[in-house]
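If you want the building blocks of each chain, they are given just below.
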Amino acid sequence: MTWFRTGRVALGLAAASVVLAGCAGTAGASDRSPEGSTGHTETQTETLTVFAAASLTETFTELADRFEAANPGVTVALSFAGSADLVTQIREGAPADVFAAADLATMAKLSRDRLVDGDPTVFATNTLMIAVPADNPADIASFADLAAPGVDVVVCAPAVPCGAARLALEAAAGVRLAPVSEENAVTDVLGKVTSGQADAGLVYVTDVAAAGDAVLGIPVAEAEQAPNEYPIAVVAGSEHARLGASFARFVTGATGQGVLGAAGFGAR
Amino acid sequence: MTLGVPRWTLAVAAVGALFIVLPIVGMTLRVEWSQFGALVTSEASVAALLLSLRTAAMSTVLCLLFGVPMALALARSRFPGQRLVRAVVLLPLVLPPVVGGIALLSTFGRRGLLGETFEVLGIQIAFSTTAVVLAQTFVALPFLVLSVEATLRASGARFEAVAATLGATPGTVLRRVTLPLVLPGLISGAVLAFARALGEFGATLTFAGSLQGVTRTLPLEIYLQRETDADAAVALALVLVAVALIVMVATHRPRGLS
Amino acid sequence: MTFEFAAVLRRRALDVSFTVRPGETVALLGSNGAGKSTIVEVSAGLLRPDSGRATLDGQVLFDLAADAAGRGRPDVFLPPHARRTVLLAQEPLLFPHLSVRDNVAFGPRSAGQSRAASRLLADEWLAAAEVSELADRRPGMLSGGQAQRVAVARALAASPRLLLLDEPMTALDVAAVPAQRQLLHRVLLDRSVILVTHDPLDALALADRVIVLGDGRIVEEGPTRAVFAHPQTDFTRALTFGLDLSAGPPAPISSV
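Chains as they are written, first to last, in the working numbering: chain A, 1 to 268; chain B, 269 to 526; chain C, 527 to 782.
Keep in mind the hints are simulated off the structure, nothing from the lab.
Note that the structure is a prediction, hence the values are computed from the model and not measured.
Backbone N, C-alpha and C fix where the C-beta goes; we use that ideal spot for every residue, glycine too.
Hints are supplied without guarantee of correctness; some may be wrong.
What the hints assert, rightly or not - Some but not every residue of chain B turned toward chain C, in silico, with C-beta under 10 Å:
#1 Arg354
#2 Ala431
#3 Leu434
#4 Pro438
#5 Thr440
#6 Pro448
#7 Leu449
#8 Pro487
#9 Ile490
#10 Tyr491
What the hints assert, rightly or not - Simulated DEER-style distance windows between Cβ atoms:
#11 Ala262(A) to Glu300(B): 42 to 48 Å
#12 Arg536(C) to Arg346(B): 47 to 53 Å
#13 Ala254(A) to Thr296(B): 34 to 40 Å
#14 Ala653(C) to Val280(B): 56 to 62 Å
#15 Ala105(A) to Ser302(B): 23 to 29 Å
Please construct the entire structure, taking both the sequences and the accompanying hints into account.
Structure, rendered in structure tokens:
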């Protein structure tokens, strides 16, 4: 009998601890200690967590290396995903210090709820471009060709930044596309083009540049009318706010702009 | 009430059950009930749910058509390399679904092993509902095979031997003895397969793409809604849980019907 | 229905040869592992011997040679369903998903008869086995003795040319054995039967001849009473220890 009672007590404790743990971990980042008060010096090791949109993978990796080189003792931890995914994670309390989004609308979801410090700064622009497999099996030459019957074109879903840009581009060019798939991230669109599943995809100019010989890029004239502006901001409640701000300045400064420009991003 | 197990095992079992139940409860508590009706009856949601039910049903039928003979071959016959064949057939159980999607792409994709031939013949599988059914069947088939094979092994071949000596041809034995006896395992296997097909995500996303009404099943719709409307995502997630629960509860037969 | 049997099965150390004359019941006796069940399985077609030959009423059931090449005629092995050798095992093995009547009708149905005709035949044999009142029940609702009687009816309804009984009383509880023995005595008359048993009483009550097996070979053979009255081997001697064979063969029971 005592075993059974012990079991029940154990069960009650387990359930209680689970519930308490649930209450303890609140969603907002606002419970964190205020920034800067711990007074880290440059010589101590500090890890900066940067969340960046998937289209910034190559550029931010290089920028992180350069930042680490310029700031001994600092490690930059990078996390790349679709901007909207990252917003969700930050909302749920993910430990991000800096956030770089692929468009203003996505960043606005955080700044609206005061989850970022101050006003975000635009550090680059990106425009859409058509990407086709290297051998261009569907003979695409212009944006209008994408709407031709029998062409398998893959785009981003309207809910994500590159999808919003696509809708704007369609409006500017006066062409309605009938895609075979709407992906959650531009990297998935590019993947379907490079693997030959799609005849064409709408991706960023930077993606085409990074993909090299695997894809052929076809510029779209009206794309200039629908650019995505990339903002960067320090996440509210970050424990490394000063370092984060320093990184943001690095990105908007000469070095950052140089790296971004070389990858194909437009000026801010 | 006579207890067949030591009481502490029940306590541990309860903790384990809580581990599964609590997250579901937690999610249910997040639902915005005032908007629930509007969220789950939106055009996109309804399209996703109907597509999921349709494709999962078709996949289950395919699993039955192919899985039962496979189980028979594994449990009732003997051939060289049988253990290896069995291990390979059960691979989708342990493979990450995305890997399954990549495997399907390399076979049925436009540049795939068979895909190129299909392209020439004018059949396109990529980005179609067929691709969704293929992906779901790929991941759900092992569940059915395992369930039926286990039942076959348990019942043994004794009844089938008796039937044969009574003059029943192998076809008659299969129809009148083997299959009726394997029915409980068949049903539970089909239910598992259906539930697995319903929840399939990784292989579908990689292989079939995502387009409303064509390939965007309910899990994919939830994935998309997460980006913009967390409330919609949670509401749809609850719908998926409810459908799965209904299917499993409705088809569960308590043992004891010998 | 003469049954001629000769088979060698090395992995069970079996090497036997015998004949069952039409209408004769032969009892197979022997210690465990002597090969009794093996002979039954080979006769039914559930086991393939290394070599041997068996014919039933002139039809070849199997004809195999260890070295097929030098023989000049091809190997023959009839599958169980083509042999009309019906097996009645220790467990009744009634199909749990069919009613008693449909169980008994299984043989005729498999032979191509209509459902109605099969059921009629089933009812006749259920009456012969004195279990007509169980016709609509499910096997799960029968006692061991009842199930075994239904199994006998099912075996006979399949019109066997050779009946193979593998220890039909072993799984029954003691109270049910005499009734089953009486039933078998009645229905086995004029049939070719091989009866595997441990119990000398079964042999005495049901068998015309006995074959005693030892280590996979026949060690004694002959009419039942003669073999039991003058056992040649230790095994048979031990088996019939204390049996008084001075009374005549059991008289057929007319009722009860």
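Status of each hint after checking the structure:
{"no.": "1", "hint": "Arg354", "result": "violated (25 Å)"}
{"no.": "2", "hint": "Ala431", "result": "holds (7 Å)"}
{"no.": "3", "hint": "Leu434", "result": "holds (4 Å)"}
{"no.": "4", "hint": "Pro438", "result": "holds (8 Å)"}
{"no.": "5", "hint": "Thr440", "result": "holds (5 Å)"}
{"no.": "6", "hint": "Pro448", "result": "holds (5 Å)"}
{"no.": "7", "hint": "Leu449", "result": "holds (6 Å)"}
{"no.": "8", "hint": "Pro487", "result": "violated (38 Å)"}
{"no.": "9", "hint": "Ile490", "result": "violated (42 Å)"}
{"no.": "10", "hint": "Tyr491", "result": "violated (44 Å)"}
{"no.": "11", "hint": "Ala262(A) to Glu300(B): 42 to 48 Å", "result": "holds (46 Å)"}
{"no.": "12", "hint": "Arg536(C) to Arg346(B): 47 to 53 Å", "result": "violated (20 Å)"}
{"no.": "13", "hint": "Ala254(A) to Thr296(B): 34 to 40 Å", "result": "violated (52 Å)"}
{"no.": "14", "hint": "Ala653(C) to Val280(B): 56 to 62 Å", "result": "holds (58 Å)"}
{"no.": "15", "hint": "Ala105(A) to Ser302(B): 23 to 29 Å", "result": "holds (26 Å)"}
In this structure, the earlier hints numbered 1, 8, 9, 10, 12 and 13 are contradicted, and the remaining ones agree with it.
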